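Engineer: Start from the sequences and build out the full structure, keeping to the hints where you can.
Going down the list, the sequences are from chains A and B.
Position one of the first sequence corresponds to residue 27 (this note's numbering), numbered consecutively onward.
Position one of the second sequence corresponds to residue 27 (this note's numbering), numbered consecutively onward.
Where hints are given, some of them may not hold.
All copies of an identical chain are treated as equivalent in the list; a pair is satisfied when it fits inside any one copy or across any two copies.
[Said to hold, decoys possible] Calculated cross-link-like contacts (lysine-lysine; reagent style BS3-like; alpha-carbon spacing at most 30 Å): (1) K35 with K70; (2) K76 with K99; (3) K35 with K65; (4) K149 with K70; (5) K35 with K76; (6) K70 with K99; (7) K99 with K65; (8) K149 with K76; (9) K149 with K99; (10) K149 with K65.
Just so you know, the hints here were simulated from the structure itself, not pulled from any lab data.
This one's a predicted model, so the numbers in the text were calculated from it and none came from an experiment.
Protein chains: 2
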Amino acid sequence: MAKPDIPRKAVYRLSLYHRGLQRLSANQVSTVSSAALAKAAGVKPTQLRKDLAYLGHFGTRGLGYSVEALSEKLTDVLGTARLQPVVLAGAGNLGAALLGYGAGFAREGFEIVAAFDLESGMKRVGDHEVEVLPISQGPEFIRQHGIKMAIIAVPGPAAQEVANTFVAAGIQATLNCAQAPLQVPEHVVVNTVDLAIELENLSYFIR
Amino acid sequence: MAKPDIPRKAVYRLSLYHRGLQRLSANQVSTVSSAALAKAAGVKPTQLRKDLAYLGHFGTRGLGYSVEALSEKLTDVLGTARLQPVVLAGAGNLGAALLGYGAGFAREGFEIVAAFDLESGMKRVGDHEVEVLPISQGPEFIRQHGIKMAIIAVPGPAAQEVANTFVAAGIQATLNCAQAPLQVPEHVVVNTVDLAIELENLSYFIR
Numbered sequence: 027m028a029k030p031d032i033p034r035k036a037v038y039r040l041s042l043y044h045r046g047l048q049r050l051s052a053n054q055v056s057t058v059s060s061a062a063l064a065k066a067a068g069v070k071p072t073q074l075r076k077d078l079a080y081l082g083h084f085g086t087r088g089l090g091y092s093v094e095a096l097s098e099k100l101t102d103v104l105g106t107a108r109l110q111p112v113v114l115a116g117a118g119n120l121g122a123a124l125l126g127y128g129a130g131f132a133r134e135g136f137e138i139v140a141a142f143d144l145e146s147g148m149k150r151v152g153d154h155e156v157e158v159l160p161i162s163q164g165p166e167f168i169r170q171h172g173i174k175m176a177i178i179a180v181p182g183p184a185a186q187e188v189a190n191t192f193v194a195a196g197i198q199a200t201l202n203c204a205q206a207p208l209q210v211p212e213h214v215v216v217n218t219v220d221l222a223i224e225l226e227n228l229s230y231f232i233r
Numbered sequence: 027m028a029k030p031d032i033p034r035k036a037v038y039r040l041s042l043y044h045r046g047l048q049r050l051s052a053n054q055v056s057t058v059s060s061a062a063l064a065k066a067a068g069v070k071p072t073q074l075r076k077d078l079a080y081l082g083h084f085g086t087r088g089l090g091y092s093v094e095a096l097s098e099k100l101t102d103v104l105g106t107a108r109l110q111p112v113v114l115a116g117a118g119n120l121g122a123a124l125l126g127y128g129a130g131f132a133r134e135g136f137e138i139v140a141a142f143d144l145e146s147g148m149k150r151v152g153d154h155e156v157e158v159l160p161i162s163q164g165p166e167f168i169r170q171h172g173i174k175m176a177i178i179a180v181p182g183p184a185a186q187e188v189a190n191t192f193v194a195a196g197i198q199a200t201l202n203c204a205q206a207p208l209q210v211p212e213h214v215v216v217n218t219v220d221l222a223i224e225l226e227n228l229s230y231f232i233r
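Structural biologist: Now the structure itself:
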C-alpha cells in the first residue's frame with residue numbers, strides 16, 4: 027500500500043488522536059464527536075477534521091466517529107498494526123527507564139527487542155532483569171533480524187558512532203535521546219528528544 | 027522587559043540557534059553566516075532569517091552574525107541568563123537520568139534544585155549521591171523558594187495529582203515526562219515528552 031503523503035506535524039497529531047481513541051475504547055465508548063476527540067488531543071476541531079481528511083471519509087454528521095473504525099484506520103496508516111521491533115543503544119538510567127516502558131510501548135505498537143551497551147550483562151529494570159548485549163553486537167543483530175528502528179540513549183560523545191554503525195546495518199528511523207545532534211544519510215529519519223530544549227522553550231513562557 | 031510575542035515553534039528554533047552558537051563559541055568561532063547557522067540547526071536559511079527578525083536587526087550582509095552578540099541576545103530573550111531553578115518530581119530511572127543531566131542542563135541555563143519522590147532518601151546518580159525529599163514536601167519547597175518550573179517524571183497514574191499540588195504552589199511551566207496527559211489551568215504551560223508518540227511518528231516514515 028502506498029502511504030498517503032501526510033505532513034510530519036499532522037502525523038504527530040494522528041498519533042494523539044490514536045491514543046485518545048484507545049482510551050475511549052478502553053472505556054467502552056463506541057462513538058465520539060470531532061469536538062470531543064479534538065479536545066482530548068488538545069487541538070482545534072477544524073484542525074482535527076483537516077487531519078482526518080488525509081485518511082479519507084470518516085464520521086457521519088451529527089453522529090460523530092466510530093471509535094473502532096477510526097482507530098483501526100489510524101493503526102493501519104501509522105504502521106503500528108504489528109508490534110514494531112526496536113533496538114535500544116545505551117542502558118544507563120535513561121535506557122533503563124525506556125526498558126521499563128515495556129507495557130506503555132507495547133500499547134502503542136512497539137517492542138524493544140534488544141538492548142546494547144558498552145557494559146553488557148544483566149540489568150535490573152523495575153522488578154525484573156533484562157539482558158544487555160555488548161554494543162559491538164548491535165549491527166549484526168540489526169542485520170539478522172531486519173530491524174528498522176533504534177532508540178539511541180548513549181552518552182552524547184558516543185552517539186554519532188553508534189548511529190553510523192546502526193544505520194549502516196539497516197536502521198531507517200532513530201529516536202535520538204542522546205544529548206548530541208546526529209548526522210545521518212537522507213533516507214534516515216531522526217526524531218530528537220532534547221529535554222534541555224524543552225525546558226528552554228518553557229522558560230520563555232514564564233512571567 | 028516586555029517579551030516580544032514570538033510563536034511557540036519559533037521559540038523552539040531560537041533554542042536550536044542558541045545551542046548552535048554555543049558550540050561555535052566553544053570552538054572560538056566569532057562570526058557565522060545565516061546559511062551555516064541554519065544548517066547547524068537543521069532549518070532553511072529563510073526560516074532562520076525570519077526567526078531572527080523577531081529579535082530586531084542582526085548581522086551584516088556579507089559578514090554574517092556575531093556569535094557573541096547573537097548568543098547574548100538569545101540568552102536574554104529565552105530567559106536563561108541566570109540559572110533557572112527547576113524541581114523534579116519522580117526519582118525513578120527517568121528521574122535519575124534527569125538528575126544525571128546536571129551539566130547538560132546547566133549549560134542551557136537550568137538547575138534541578140530539588141528532587142521529590144514517594145520514596146525519599148539518598149539516591150545514587152552516576153558517581154555521586156543526591157538527596158530525594160518526600161513528595162509531600164514539594165509544594166512547601168516551591169512556595170518558599172518561588173520556583174516556577176517543574177519536571178514531572180512520576181508514574182502516569184500519579185502525575186495529575188502531583189501537577190495539581192505543584193501548580194497550586196506556584197509552578198507556571200511543567201515538562202511532563204509521565205506517560206499521561208496533564209490538565210492544568212490556562213496560565214500554566216505544559217510541554218509533554220512522550221517517547222511512544224515519537225516512535226509512532228518515526229514508524230510512519232519507515233518504508
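Engineer: Work down the list of hints and note, for each, if the structure agrees.
Structural biologist: Going down the list of hints, with the structure as the test:
no.: 1; hint: K35 with K70; result: both (14 Å within a copy, 17 Å between copies)
no.: 2; hint: K76 with K99; result: within (16 Å within a copy, 38 Å between copies)
no.: 3; hint: K35 with K65; result: both (17 Å within a copy, 21 Å between copies)
no.: 4; hint: K149 with K70; result: neither (44 Å within a copy, 43 Å between copies)
no.: 5; hint: K35 with K76; result: both (12 Å within a copy, 20 Å between copies)
no.: 6; hint: K70 with K99; result: within (21 Å within a copy, 34 Å between copies)
no.: 7; hint: K99 with K65; result: within (20 Å within a copy, 37 Å between copies)
no.: 8; hint: K149 with K76; result: neither (45 Å within a copy, 48 Å between copies)
no.: 9; hint: K149 with K99; result: neither (38 Å within a copy, 45 Å between copies)
no.: 10; hint: K149 with K65; result: neither (40 Å within a copy, 39 Å between copies)
Violation of the numbered hints given earlier is confined to hints 4, 8, 9, 10; the remaining hints are satisfied by the structure.
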